[in-house]
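2 protein chains.
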Amino acid sequence: MGQEPYRYQTVEKHILAMMEQGALALGDRLPSLRKMSSNLGVSLSTVNQAYVELERKGVVEARPRSGFFICRHSMRLPRTEISPSSMDSPRPVTRIGLIQTVLEAVGRDDTVPLGVNAPDPSLLPLAELSRITTTVVRENPKRALQYTPIPGDPELVHQIAFRSMEHGIPVAPDDPIITTGCMEALNFALRSVCRPGDTVLIQSPTYYCFLQLLETLGLRAIEVPSDPENGVSPDDLHHVLTTFDIAACILSPNFNNPDSSLTPDRAKREIVSMLAQRHIPLVEDDVSTDLHFTQKRPDTYKQYDKEGLVLLCSSFSKTLAPGYRVGWLLPGRFRQKVLEIKATTNVSTSAPSQIAIAEYLRQGRMTRHLKRLRSAMEKQMDTMQLHLERHFPSGTRVTHPSGGGVLWLELPHCIDSVELFFQARAHSIGIAPGAIFSTQDKFSNYIRLSCGSPWSEQLDNGVRTLGTMAHALTE
Amino acid sequence: MGQEPYRYQTVEKHILAMMEQGALALGDRLPSLRKMSSNLGVSLSTVNQAYVELERKGVVEARPRSGFFICRHSMRLPRTEISPSSMDSPRPVTRIGLIQTVLEAVGRDDTVPLGVNAPDPSLLPLAELSRITTTVVRENPKRALQYTPIPGDPELVHQIAFRSMEHGIPVAPDDPIITTGCMEALNFALRSVCRPGDTVLIQSPTYYCFLQLLETLGLRAIEVPSDPENGVSPDDLHHVLTTFDIAACILSPNFNNPDSSLTPDRAKREIVSMLAQRHIPLVEDDVSTDLHFTQKRPDTYKQYDKEGLVLLCSSFSKTLAPGYRVGWLLPGRFRQKVLEIKATTNVSTSAPSQIAIAEYLRQGRMTRHLKRLRSAMEKQMDTMQLHLERHFPSGTRVTHPSGGGVLWLELPHCIDSVELFFQARAHSIGIAPGAIFSTQDKFSNYIRLSCGSPWSEQLDNGVRTLGTMAHALTE
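Here the protein sequences line up with chains A and B, keeping their order. Quick note on the UniProt record's numbering: the first sequence kicks off at 1 and runs consecutively. Quick note on the UniProt record's numbering: the second sequence kicks off at 1 and runs consecutively.
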């Protein structure tokens with residue numbers, strides 16, 4: 001990986017944007033290296049790297065002594081647009097059977113990894129973290145073997161507090177509570193603020209594990225639309241709050257799983273203030289924000305929280321070490337309740353995992369690793385989009401996320417994505433069918449594809465096979 | 001540690017039993033080495049080791065050319081007897097505040113460790129497990145970094161199944177579900193079989209975390225007496241089952257925390273059959289059984305389970321690696337429900353912890369380690385009893401457990417053990433006050449002391465100070 005992982009990608013994006021806007025069409029010649037270099041103020045070699053990359057992706061072809069020419073019709077599938085859904089009444093959640101089937105792929109090596117949202121091990125600092133783990137366990141066998149305090153290993157707690165502060169989140173050094181992954185943070189948060197039978201406001205579509213969590217806890221869900229381009233609208237939220245008795249909300253500020261929507265910072269501020277007026281807790285799933293492709297890290301809801309009503313949940317599972325099972329919770333005013341729940345769930349989180357990640361953070365390795373990971377994820381998502389366009393039936397639309405790790409595909413209406421899921425599974429291809437992301441039936445022709453792995457022959461074959469299946473289902 | 005860790009202790013116990021029965025009194029001369037050796041059929045050096053050990057403990061003194069003489073009045077405090085309590089109606093659980101205060105000592109180094117029930121690190125195979133951990137993480141960085149399947153790392157699942165089979169538990173190789181400690185197993189088990197508002201039958205006294213767990217889950221408790229000598233009586237259980245609507249039971253088969261009671265195997269069989277007739281699930285806390293001081297491992301309830309109604313919960317926290325947070329659940333017929341709950345709590349358990357313990361078991365190291373640990377725990381408990389007798393006010397009674405790691409003390413009636421707890425805490429001495437082990441008030445003059453640490457000056461001072469405080473509270 002070069003010194004400037006972003007620069008050539010900027011050039012690439014520029015070309016792709018020109019194509020989308022129609023400024024470059026099939027058969028057109030790309031501007032010369034020299035011209036592009038001077039237009040964009042980057043080096044010749046950077047432009048060259050971008051052109052070669054586009055050639056590798058099959059977007060352009062090099063013709064001897066003539067330059068690079070566009071050889072593909074369109075760049076990407078059109079953006080998906082979700083029609084504003086009727087905000088139905090609260091309903092019990094009953095997707096657990098299908099979700100369970102989808103989850104069976106977790107931790108399996110024999111499946112094309114388009115179903116599970118996790119970074120491929122090759123993108124993680126395996127050797128570095130493994131070396132740090134062995135060192136801290138060897139040097140502190142006693143610390144590794146003993147219970148950590150219930151809130152977590154103090155060094156890790158502090159490291160997470162410092163990182164949160166850097167992100168503009170108002171937090172004291174001892175505020176974070178360590179959890180066994182983000183899912184556990186969400187579980188504790190929700191159990192701290194809800195009682196069985198309560199109604200919880202969620203985005204639609206939403207991460208299926210939230211639905212499963214609500215079902216397990218005997219909670220009811222009311223859905224507000226999540227628009228891939230504009231996230232959650234304060235107006236929609238206001239409508240629900242004034243119509244129903246809401247005990248809590250679960251919202252993803254950025255790169256909502258599955259539609260990768262990002263709620264604008266202004267809307268976040270408005271939502272936090274609207275909820276504060278009504279004393280309604282907001283459980284924030286911040287697990288994807290670190291995977292932003294934008295220059296600036298988008299804000300979290302927690303940044304606008306003056307009342308301690310936002311419970312921010314996050315983890316290292318999408319960025320550093322899924323198997324270590326280390327997440328955290330900034331519990332706001334619900335600290336005591338969260339600690340009670342943690343004490344009766346598993347008391348404390350694995351000590352070797354905690355002290356290894358604390359040391360990784362202490363050595364300042366996270367920032368550089370994240371920069372590389374983001375760059376890789378963006379590239380993978382880009383490549384995936386190009387291949388989808390090639391193989392999927394016309395009428396397919398897809399999100400164009402500015403971060404995260406998943407794409408959300410709207411297939412032609414006649415396709416039942418649960419059927420596609422089972423067909424794919426029979427070919428050892430994992431995908432997530434739209435039905436599991438809502439209590440309603442409006443996503444029956446959607447699928448979510450993970451972009452967590454570098455492009456490979458396995459992925460290439462997987463996407464091609466999926467496309468063939470999708471074509472067949474339109475007939 | 002010698003080749004035969006048990007033999008000299010058998011001799012010691014024999015002497016102590018003679019003292020308890022009055023066959024040896026203050027000032028009496030111990031039988032000669034030769035006589036004792038021939039009586040008990042052990043070597044001279046074994047008898048000598050036992051006598052020297054008793055001298056070290058201050059029970060006997062050696063007089064030159066005369067032999068060993070009893071120099072202490074009585075050996076141990078008398079056994080505690082709990083009067084059969086009225087089996088009250090089910091009641092909500094509300095101890096969580098006090099329990100929280102007691103739990104604050106978890107993971108703290110600055111407190112005399114009489115409060116938390118965990119083995120001292122010096123009794124754990126720190127170096128061995130640390131070496132295995134570093135090796136498996138170094139050799140399998142990818143396996144350590146990735147999610148394991150939801151039920152757990154397959155190798156660990158199999159190892160636990162094999163150990164269970166060795167203990168006579170009917171289990172298939174894939175049955176165990178790995179959890180983040182035993183507490184999590186209990187949490188999942190209880191959530192699988194109960195709904196908020198349900199009534200759960202518990203032993204009285206019971207482990208305070210169970211009360212906290214019931215409170216957190218909105219469950220009600222009905223208590224049946226746990227007798228230190230005879231555990232739970234099938235008759236008492238029958239009475240409760242025919243009087244109240246019971247959704248589930250939590251029972252500890254052996255060395256119930258805090259009274260270390262062991263329910264006889266015959267009673268276990270009867271209880272399992274009684275519950276099966278009524279289709280009532282039994283959540284079994286088996287975390288202490290491996291710490292038996294008896295030759296034979298006492299049975300578990302699960303061994304008598306024909307209907308899949310027993311959910312056995314256990315962990316390595318009291319025997320191998322508290323901080324690794326690895327436990328398991330044999331879920332019987334509730335497997336699917338448990339997996340659903342696990343998927344919405346934290347998906348999977350820390351991979352480095354799991355694969356390290358799997359390898360430790362695979363190498364066959366556990367059996368030898370447990371043998372040493374049991375021997376050490378028994379010795380520590382013995383020593384603790386002798387010191388209690390020396391320092392605590394008359395009227396104090398104590399359990400004489402045949403396993404586990406805690407002693408349960410009945411203090412003179414006028415002592416409020418919550419008061420003693422706060423006084424001790426002010427001197428950085430951790431103890432567990434009786435009140436937190438029941439929803440009723442009958443244990444207000446009881447305390448639980450942990451025997452997890454080898455005898456030391458710190459413990460000596462701690463027990464002496466505690467005794468002084470207890471004396472003062474009787475005035």
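Hints listed in this document are in silico derivations from the structure and should not be mistaken for laboratory results. Hints may contain errors.
Which copy? The list can't say, so a pair holds if one copy fits it or any two copies do.
[Unchecked claim] Derived pair list, reagent style DSS-like, types lysine-lysine, alpha-carbon separation capped at 30 Å:
id, residue 1, residue 2
1, K13, K337
2, K35, K337
3, K337, K371
4, K57, K35
5, K142, K13
6, K337, K57
7, K296, K306
8, K371, K296
9, K57, K13
10, K442, K306
Quick caveat, the model's predicted, so the values are computed rather than measured.
Numbers of unmet hints, in rising order: 1, 2, 3, 5, 6, 10
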